[in-house]
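Q: The lines below spell out each chain.
4 protein chains.
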Amino acid sequence: MTKVTQEHIDARTGAIQRAALVAFARKGYERTTMAEIAEEAGLSAGAIYRYFPGKAQLLQSVFDEAVGRNSQVFAEESAAAASPLDALGRIGVRSLDEATIDAECMELEFVLTGVRGNEATRDHHSVLRNAIVGSTAALVRDGQAGGTIRRDLDAGVLALAGVALILGLRMIRLERGEEPGDEAAVHAFVEMLKPCPPAS
Amino acid sequence: MTKVTQEHIDARTGAIQRAALVAFARKGYERTTMAEIAEEAGLSAGAIYRYFPGKAQLLQSVFDEAVGRNSQVFAEESAAAASPLDALGRIGVRSLDEATIDAECMELEFVLTGVRGNEATRDHHSVLRNAIVGSTAALVRDGQAGGTIRRDLDAGVLALAGVALILGLRMIRLERGEEPGDEAAVHAFVEMLKPCPPAS
Amino acid sequence: MTKVTQEHIDARTGAIQRAALVAFARKGYERTTMAEIAEEAGLSAGAIYRYFPGKAQLLQSVFDEAVGRNSQVFAEESAAAASPLDALGRIGVRSLDEATIDAECMELEFVLTGVRGNEATRDHHSVLRNAIVGSTAALVRDGQAGGTIRRDLDAGVLALAGVALILGLRMIRLERGEEPGDEAAVHAFVEMLKPCPPAS
Amino acid sequence: MTKVTQEHIDARTGAIQRAALVAFARKGYERTTMAEIAEEAGLSAGAIYRYFPGKAQLLQSVFDEAVGRNSQVFAEESAAAASPLDALGRIGVRSLDEATIDAECMELEFVLTGVRGNEATRDHHSVLRNAIVGSTAALVRDGQAGGTIRRDLDAGVLALAGVALILGLRMIRLERGEEPGDEAAVHAFVEMLKPCPPAS
DNA sequence: GATGAATGAGGTTTCATTCAT
DNA sequence: AATGAATGAAACCTCATTCAT
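Chains as they are written, first to last, in our numbering: chain Y, 1 to 200; chain E, 1 to 200; chain G, 1 to 200; chain Z, 1 to 200.
Because the hints were derived from the structure by calculation, they are not lab data. Check the hints yourself; a few may be wrong.
The list cannot tell twin chains apart, which means a pair is met if one copy fits it or any two copies do.
[To be verified] SDA-like, lysine to any residue: derived pairs with alpha carbons at most 20 Å apart:
#1 Lys27 to Gly68
#2 Lys27 to Ser126
#3 Lys55 to Asp86
#4 Lys55 to Pro198
#5 Lys55 to Thr5
#6 Lys55 to Ala15
#7 Lys194 to Gln60
#8 Lys27 to Arg173
#9 Lys194 to Ala15
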């Protein structure tokens, strides 16, 4: 009966995941070595295998973690927002800015897709993306019903555009680092979602 | 002296680039082997080195080629369009649909970014992206000046949003294959760029 | 001081040896991990090192244990047999059938020899084999003196053949599992050891 | 079109197999490194993978090679022998002495079996062994029909004993090196196969 | 006395790149 | 100019062994 039990294990696991996140984000999955991750996490390469079965699973786990945070952001902001439109803007901004996701985290998703050749992973990933688009569409529909979002465009299409926008912005940010225009772009998109003022 | 040679060299170079494009797109840069590219191009692994100094430079060249095509699309559609707004829509759609870009080509950009760790490449890449955003911004400004694009939002911001949207859509398409909503999303974005109808 | 301890130590030692025997037999020395042995023995990997200096020595000890049982079989059956010839048959059959040796135990020897590269072990092993052949030869010689074993063939040679026969049968059994022909082969060999009936 | 084609490839393949045979025999499969084999064969470790997909397949190939030689010995000696009994003796002796098999080759078989855990290999192996026993049994039956082999014992059982004897002798030889008694043991076995002289 | 987390050496395998032919 | 065999540098992963708790 060791006393380092769960607490220690969780700490290690988290440290490895964080290290992997950073490394994968910075250099890409393939170019990141287990040794680098290990060093970043403060242990030896072999030790990682006590916490993760292999490099691929480590990647998967890091990704799942990120996805989880994503969902949480979604839920939190939906709840905190005054209106669906507001929620969309908040989610977009937080997706970009929050430490949770970070420029790197985006990269991660990027990298994950990079695990092409692994059909299971791709499918898994695709399902997740669909879920996000679906949730967003529901939000848009709410907004349209409530009158805060223009009704002349299809909710599903707008949702897809919104998700793509965020995805693209994170991708650009990856290359250019923190970019002031990012949030502005989100706000602009939100602005464009508003219905035109009644003519009268 | 090298009369036939030049012709031959160009043919070979092109074949290699095309093969590399397809391979990089399909499996990613790291996971693509020189042997695969060679086979696809119809020559031996060693022969590639007569045309390109190494794998990294081959990637670079393939990328530049793709960017060139991109610019051409930009120019062509700008010229053919009735208005800047129209141009933006056309560019977006063609960026998504045309064989030029294709799922693979997008992938390529994907991969290229993957050449992180190579600072020179990243910077190069960043410059290119800025150029695209810049051109787009110019187009938007034109549209605003001409009244086809709403003036209440900053041109640079809208341009960034537009580029990000395309980027994101291509990324999503990568995962889900040809997606009917893609073009609709572009059209929706264009629609939202229009100024609200005068109150009258 | 170490009253209970000794008992405990012996129990642990035996458990580890048994676990190692089974594991080595089943997967081979090299492919067996200390962790597997530990789990089978009901303790942790590290604990084994309190009872054995290392994996190699554990193997050695397991082997010696098996050899000891072998000698015991030899002695017991020699004593119980009506004649040297009878003793040979009994030893052969028991070497094959008894739980002591069992398919696994044979395997063990197999594995042990596998510790080639370790000269000390090989020599040790060779000495043991010579001892067995020697004892068998003595038995044969007894039989020849008593007239139950044919005298036209050299005792040492017959002994070698007998030992080899058993060795080979155990090896074959390893691959095919319990084989009905095994014992029959031993009996046939014994039969052939008998002198031809006097011409009269 | 290289000119080193088939000839060179065959030479290399053979060299690697021979090197592997020796190494596997000497140190066992698990303890033999690809680097050792490569050095023995006169190339680099990586180069082996141009000729064999992996270590396991190399082992398999070496084994198959040895089995092939075995069958050839069987056929040759059967043809050259004056009688089935004579054939058995010749096969036994050649199995022991000839360079074809060699102490090492036996070891090989040994090692191969050592590839436990690979069910396919074990079964394959078992089938081969059965074939050998079967062929031997046929030979014995012939001898019994012709009167050169005693008829009071079952042919299948005698065949099993014979094969086991050789197997065991080769195993012992492995430990003790060239052993003068080996051949004598084979001859003794053959002698014992003879029918007792007619009473007259 | 026991645990099991950690290390570190070493093994197999992959590939970009070179170079004799 | 082209081939493709060969090299050699990693990379991932496994484990015997140690040691703080």
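Q: Hints first: check each against the structure and report whether it holds.
A: Evaluation of the provided hints:
Within a single copy, Lys27 and Gly68 get their C-alpha atoms no closer than 23 Å, and across copies no closer than 26 Å, so neither meets the 20 Å cut-off. For the identical chains of this complex, Lys27 and Ser126 are inter-copy neighbours only, at 16 Å across copies versus 23 Å inside a copy, given an alpha-carbon limit of 20 Å. Taking the shortest alpha-carbon separations for Lys55 and Asp86, neither the intra-copy value of 39 Å nor the inter-copy value of 47 Å comes in at or below 20 Å. For the identical chains of this complex, Lys55 and Pro198 are neighbours neither inside a copy (56 Å) nor across copies (58 Å), given an alpha-carbon limit of 20 Å.
Taking the shortest alpha-carbon separations for Lys55 and Thr5, neither the intra-copy value of 23 Å nor the inter-copy value of 28 Å comes in at or below 20 Å. For a Cα distance limit of 20 Å, the shortest separation of Lys55 from Ala15 inside one copy, 15 Å, qualifies, whereas the shortest one across copies, 33 Å, does not. Taking the closest pair of Cα atoms, Lys194 and Gln60 never come within 20 Å of each other, the shortest separation being 38 Å inside a single copy and 42 Å across copies. Taking the shortest alpha-carbon separations for Lys27 and Arg173, only the intra-copy value of 15 Å comes in at or below 20 Å, while the best inter-copy value is 24 Å.
In this assembly of identical chains, the alpha carbons of Lys194 and Ala15 never lie at most 20 Å apart, being 43 Å within a copy and 49 Å across copies at closest.
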